[in-house]
Amino acid sequence: MSRRPLVREVPPTTWYFRQPRYMRYMSREITSIFVGAYCMFLVVGLQRLAAGPSAWEGFLQALTSPASIVFQFLALVAAVYHAATWFNATQKAMPVQIGEDFVPGNVISGAHYVAWAVLSVVILHLAGVF
Amino acid sequence: MTQMKQRQVQLEVLRYNPDTDTEAHFQRYEVSCNEEGVVLDALNKVKETVDPTLNYRWSCHMAVCGSCGMMINGEPKLSCHTFLRDYEGVIRVEPLAHFPIERDLVTAPDDFMEKLKRVKPYLIPKKKKPISEGEYKQTPAQLMKFRQYSMCINCMLCYAACPEYGLTPKFIGPAALTLAHRYNIDSRDGGRKERQEVVATAEGVWDCTFVGACSEVCPAHVDPASALQQMKITSSIDWIVEHLIPGGKSARDTVSREDAGDIS
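In order, the protein sequences belong to chains A and B. Just so we're aligned, residue 1 is where the first sequence starts under my numbering, counting upward by one. Just so we're aligned, residue 1 is where the second sequence starts under my numbering, counting upward by one.
In case anyone wonders, no lab produced these hints; they're calculated from the structure. We put the CB at the ideal spot given by N, CA and C, even for glycine. Wrong hints could be hidden among the right ones.
To be verified - Pairwise CB distance ranges, derived in the manner of DEER restraints: (1) B/E114 with A/V122: 32 to 42 Å; (2) A/N106 with B/D110: 35 to 45 Å; (3) B/L167 with A/V77: 50 to 60 Å; (4) B/D19 with A/F71: 32 to 42 Å; (5) A/N106 with B/Y122: 28 to 38 Å; (6) A/N106 with B/E114: 51 to 61 Å; (7) B/F83 with A/N106: 26 to 36 Å; (8) A/L74 with B/A24: 39 to 49 Å.
To be verified - Just so you have them, the derived chain A footprint on chain B, three or more residues with Cβ under 8 Å: (9) 27-40; (10) 92-100; (11) 141-148; (12) 209-219.
What the hints assert, rightly or not - Here are a few chain B residues that sit away from chain A, every Cβ distance over 10 Å (derived from the structure): (13) Q8; (14) E48; (15) E88; (16) T107; (17) Y136; (18) K193; (19) W206; (20) D223; (21) S226; (22) Q229; (23) K232.
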């Protein structure tokens with residue numbers, strides 16, 4: 001009797017439509033495009049700032065355009081989703097064992113959310129928001 | 001004794017005969033099973049009463065041996081652990097994804113077995129000692145550190161769930177890497193340096209993109225995704241110590257079996 005195993009190919013570009021969990025994974029990964037694009041956006045802002053007051057005024061003006069507001073809104077949603085998936089992942093990557101028991105995962109992820117909130121308040125304070 | 005409630009079950013099973021077929025095809029079966037039965041019971045009923053040529057693996061029927069992994073409605077599951085009452089309509093049964101089909105629902109596990117060997121999934125003592133010196137002792141806390149990772153039953157459901165393994169067959173994969181981690185964090189073990197040759201490579205932990213599907217499908221509640229992320233952290237620390245700290249010797253360079261042998 002011959003041995004002739006049948007190899008099945010995984011579709012290289014459409015595999016993530018096969019499972020909802022693969023779609024969730026891809027949505028998490030795709031947020032990095034928005035996060036990266038927003039970083040580029042900030043770099044352009046810095047460059048405009050360095051170029052002088054009129055260039056900076058022009059940049060601020062461009063920020064208020066509808067396309068810019070839509071982009072910033074999408075980038076914010078993507079960044080928040082990306083951060084949440086990251087914080088939820090920390091409990092897997094950094095388990096904390098005390099004696100024989102492990103600290104519950106939601107405590108580890110929760111600590112990251114708390115640190116996020118505290119740092120956000122500090123940054124907003126330094127930025128003069130309040 | 002009262003008759004158990006029966007249930008009509010329709011199965012759509014992927015068939016492949018290496019002697020006659022060039023492609024796999026689905027075949028429909030209908031059998032009557034106990035209401036409380038599992039998919040494996042339905043397959044056994046098919047084999048006993050309808051089609052004796054149907055091939056599949058199973059052994060314990062109690063989610064311990066890890067032999068009966070299959071794709072059930074597209075999800076990797078142990079067929080002995082998948083209740084018929086949880087399904088409506090036709091149940092589609094296919095061999096585990098990402099593995100070549102040997103025949104019908106039987107897959108070829110050769111690739112997994114070879115990878116399992118490569119990670120040296122056994123205790124490599126820090127220091128060899130004669131039996132007369134007694135056992136290698138361990139506290140309950142040291143045991144708990146790796147215990148969940150030792151629950152793997154080698155059912156390969158995590159490989160069938162992992163899209164990374166499907167797309168990049170060189171990837172060592174969830175179960176084998178998790179077993180490497182299980183031994184690496186065992187207080188009695190000193191084999192991490194040897195295992196890092198396989199673990200800390202592109203086809204080792206760095207091929208993992210943390211989809212997390214492995215942990216979601218594991219029937220033994222092992223968390224391979226966590227093991228791999230932890231190994232990424234330790235491998236990164238190794239790299240930083242080796243490349244960025246002058247004279248730095250990473251943990252992987254400390255104690256190995258050979259070193260321990262030299263000392264004694």
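Hint check:
Distance hint for B/E114 and A/V122: a CB-CB separation of about 52 Å, inconsistent with the stated range 32 to 42 Å. Distance hint check: the CB atoms of A/N106 and B/D110 are about 40 Å apart, consistent with the given range 35 to 45 Å. In this structure the hint that B/L167 and A/V77 lie 50 to 60 Å apart at CB is violated, the actual value being about 28 Å. Against the hinted window of 32 to 42 Å, the Cβ-Cβ separation of B/D19 and A/F71 comes to about 59 Å, which falls outside the hint.
Between A/N106 and B/Y122 the Cβ separation comes to about 35 Å, which falls inside the hinted range of 28 to 38 Å. Between A/N106 and B/E114 the C-beta distance comes to about 38 Å, which lies outside the given range of 51 to 61 Å. Our hint of 26 to 36 Å for B/F83 and A/N106 holds, since their Cβ atoms are close to 29 Å apart. Checked against the hint of 39 to 49 Å, the pair A/L74 and B/A24 passes, with Cβ atoms roughly 43 Å apart.
Using a Cβ-Cβ cut-off of 8 Å, 0 residues of the region 27-40 of chain B lie near chain A, which falls short of the minimum of three, so the contact claim is violated. Restraint check on the region 92-100 of chain B versus chain A: 3 residues with Cβ-Cβ distances below 8 Å, three needed, restraint holds. A stretch counts as covered by a chain when three or more of its residues have a beta carbon under 8 Å from one of that chain; for the region 141-148 of chain B and chain A the count is 3, and the coverage holds. Against chain A, the region 209-219 of chain B contributes 7 residues with a C-beta closer than 8 Å to a partner C-beta. That satisfies the three-residue criterion, and the hint holds.
For B/Q8, the requirement that its beta carbon stay farther than 10 Å from each beta carbon of chain A is met, with the minimum near 28 Å. A cut-off of 10 Å between C-beta atoms confirms that B/E48 is not in contact with chain A; the least separation is 23 Å. Listed as a non-interface residue, B/E88 keeps its Cβ farther than 10 Å from every Cβ of chain A; the least gap is roughly 18 Å. In this structure B/T107 is not separated from chain A by more than 10 Å, as the shortest Cβ-Cβ distance comes to only about 8 Å.
Every Cβ of chain A is farther than 10 Å from the Cβ of B/Y136; the closest lies at roughly 19 Å, confirming the non-interface assignment. With 10 Å as the threshold on Cβ separation, the claim that B/K193 sits away from chain A holds: the shortest Cβ distance comes to roughly 22 Å. Every C-beta of chain A lies more than 10 Å from that of B/W206, the closest at about 14 Å, which supports listing it as non-interface. Listed as a non-interface residue, B/D223 fails to keep its Cβ farther than 10 Å from every Cβ of chain A; the least gap is roughly 7 Å.
For B/S226, the condition that its CB be more than 10 Å from all CB atoms of chain A is violated, with the nearest at approximately 4 Å. The beta carbon of B/Q229 is not kept farther than 10 Å from every beta carbon of chain A, the shortest such distance being approximately 4 Å. A cut-off of 10 Å between C-beta atoms contradicts the statement that B/K232 is not in contact with chain A; the least separation is 8 Å.
Violated hints, in rising order: 1, 3, 4, 6, 9, 16, 20, 21, 22 and 23; the structure is consistent with all others.
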